[in-house]
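Mind docking chain B on chain A? Use the hints.
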Amino acid sequence: MTIRLLERQINLLEYLTSVGAIFGDDANRPLKQGLQGIDQASLRLEACFSHEKRMEKIVATLPRTFQLLKDDRPGIVREFVEACPSVDIRRIENARQFHGFMCTRWQAHPPEPPYLRDVASCELAIASVRIRDKAQTSQPAISGQGARFRRHPDAVLLRCAYDIRPLFERGVDTDDVAERRDVTLAIAVPSRSDQPAIFELSPPVFALLEELSSWTDRAGLGSQAELDELMVDLAKHGLLEVGS
Amino acid sequence: MTHFKPAPAVGIGYRSAIGDWTRDNLAHFDLLEITVDHCMSSGDSVASAIFDLVGRIPLTAHGIGLSIGTDVPLDLAYLDKVAAVVERLQAPAYSEHLAFTRAPGRDLANLLPLPRTEAVAEAIIAKVRIVQSRISVPFLLENISYLFEWPESDLTDAEFLNLICRETGAGLLLDVENLYLNAHNHGFDPCAFLDDVPAGIVKEVHVAGGVAVRKDFLARPFLADSHSHPVPDAALDLLDRVLTRHAPDTVVLERDDRLHEFGEILDDVRRIRSRIAALSEGPYDNSLVGAADQSA
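These protein sequence lines map, in sequence, to chains A and B.
Take 1 as the starting number for the first sequence in this note's numbering and just add one per residue.
Take 1001 as the starting number for the second sequence in this note's numbering and just add one per residue.
There's no promise every hint is true.
Claimed, not checked - Listed next, the in silico BS3-like pairs over lysine-lysine satisfying Cα-Cα at most 30 Å (straight line): (1) A/Lys57 - A/Lys70; (2) A/Lys53 - B/Lys1005; (3) B/Lys1081 - A/Lys70; (4) A/Lys57 - B/Lys1215; (5) A/Lys57 - A/Lys32; (6) B/Lys1127 - B/Lys1081; (7) A/Lys70 - A/Lys53; (8) A/Lys32 - A/Lys53; (9) B/Lys1005 - A/Lys57; (10) B/Lys1081 - A/Lys53; (11) B/Lys1215 - A/Lys236; (12) A/Lys32 - B/Lys1215; (13) A/Lys32 - B/Lys1081.
Stated by the list, open to error - Just a sample of chain A residues kept apart from chain B, beta carbon distances all over 12 Å, derived: (14) Arg4; (15) Ala41; (16) Gln67; (17) Arg73; (18) Val205.
These are calculated hints, taken from the structure and not from any lab test.
We put the beta carbon where it would ideally sit given N, CA and C, even for glycine.
Chain A with its partners taken away, still in its complex shape (with noise of 0.2 Å):
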């Protein structure tokens, strides 16, 4: 019977993105329908440098959390492969596969050390803030009556139970552990930045930008001029989208 090139196609992605073609444990094993006769070794090869390309995206856009992973990421990866194979050629959807594989595996094996999880979706979060497209919006007199806000589109906002952000300055090769304190952060690209930043928020400005996740008029959110100052603050700061 002849198989169709589509499925032998697929049997060789599947192949290719196994655990045992990356990692050799099934070496001998004959190959899938359709497979017989390629050079087995040749393929192996194939799965290590597809492999080793993915795990480059994944680690370029995660660098933090896999120095933190220390010497657990063998074993890690491995899971991973096995769990999440690729299924996006981006370096981002690669790299989400691996934060929500990790968060998954964080229900049965607490972070190592314990503000890893904070670290990873802070890195998530900013690789996701940098390649998104940015809004072309009008951005008109606050204090107008027409005025009206929402969050905006780009800005992520994280709860964080850990101070995790001088390792974001610092880097995390020196000793320093971060702070356990619950922390409320935004990562947004300020209004003359082309470059994602980290800020902490206090909490009830963290509560408010929950809040508005659909556009609101001015006049719905109270009459302090505070408000106002506030605003223009937050728009400054690429975490606010003012409309009329």
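Just chain B now, kept in the frame of chain A:
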């Protein structure tokens, strides 16, 4: 009567990781090759930096995300996005790999070879025609480096490419490094490949430098297309041979690793230029090579 053709424009593949350096060094290049996928999925700042180059230096368009060889219909929405990017870049041509990278449920993000048969060639021919109907500039196919072969392949690399290019009018982006690696890894004569490809079909050329890979499960070292090291002299010798039979519009150095070895990149560009200059007694008129316009 002798017809002179301008010498090929020499440049590099634009990589955003060294975007600032590239912009500061445009005078060294005649063109930049833009990966269209980087304009579509790497975010605003990467795309803006690329589109800001339009008008400052000629740009040509190269793709990595089409997967023309996957045995499913082409992604037309993707192609339409490519068409828009190609137009915005004012690129004179759009190239893609004769390969597949994905199948439903998996995306390896690595170029894989196709069985070289007439049946597969016919399927690709139909797809190339669709690409040509949606992209307004000439379409070029690139030969890939491959580590394994499908057992039923009964056409040579050159026969497979020739068949597709002849039926569709598509040109060839000849990756000289890939040819060099394949010839080494699979034991064929690269010159025979070059002799079998019709004169004039090569419209663009890629060059790069890779590494030898040794693994305990390999009988012998494999050369890998890592785009990480200086172009080997043997690959430049093949470039000489290409230039004697073809008149490509561009020669592009690809570099994806050890990107900050700027000296190596510039030295490779210089070596490519000197190979072209050495052929100046031949079919090329090197006086027509101009540096990039930096006035913008």
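So if I understand the rule, the pair passes when the alpha-carbon distance is 30 Å or less; does B/Lys1081 with A/Lys53 pass? Holds, at about 25 Å.
Assess, step by step, whether the Cα of A/Lys32 is no farther than 30 Å from the Cα of B/Lys1081, and give holds or violated. 36 Å, violated
Minimum C-beta separation from A/Gln67 to chain B exceeding 12 Å: can you confirm that? 20 Å, holds
Find the nearest Cβ of chain B to the Cβ of A/Ala41 and say whether that gap is larger than 12 Å. Violated: least Cβ distance 5 Å, not greater than 12 Å.
For a C-alpha distance cap of 30 Å, please report whether A/Lys57 and A/Lys32 respect it. 29 Å, holds
Does A/Lys53 sit within 30 Å of A/Lys32, going by the straight-line distance between their CA atoms? Given that 30 Å is the threshold and the Cα spacing comes to 24 Å, the pair holds.
Check the hint pairing A/Lys57 with A/Lys70 against an upper bound of 30 Å on the C-alpha distance. It holds: about 18 Å lies between the C-alpha atoms, which stays within 30 Å.
Taking only the CA atoms, is the gap from B/Lys1005 to A/Lys57 under or equal to 30 Å? 42 Å, violated
Take the C-alpha atoms of A/Lys70 and A/Lys53, compute the straight-line distance between them, and say whether it is at most 30 Å. 20 Å, holds
Run the distance test for A/Lys57 versus B/Lys1215: straight-line Cα separation, threshold 30 Å. 23 Å, holds
Chain B versus A/Arg4 - minimum CB to CB distance exceeding 12 Å, so not interface: 7 Å, violated
Starting from A/Lys53, check that the Cα of B/Lys1005 is at most 30 Å away, please. 40 Å, violated
Hint check: violations occur at hints 2, 3, 9, 11, 13, 14 and 15; the rest are consistent with the structure.
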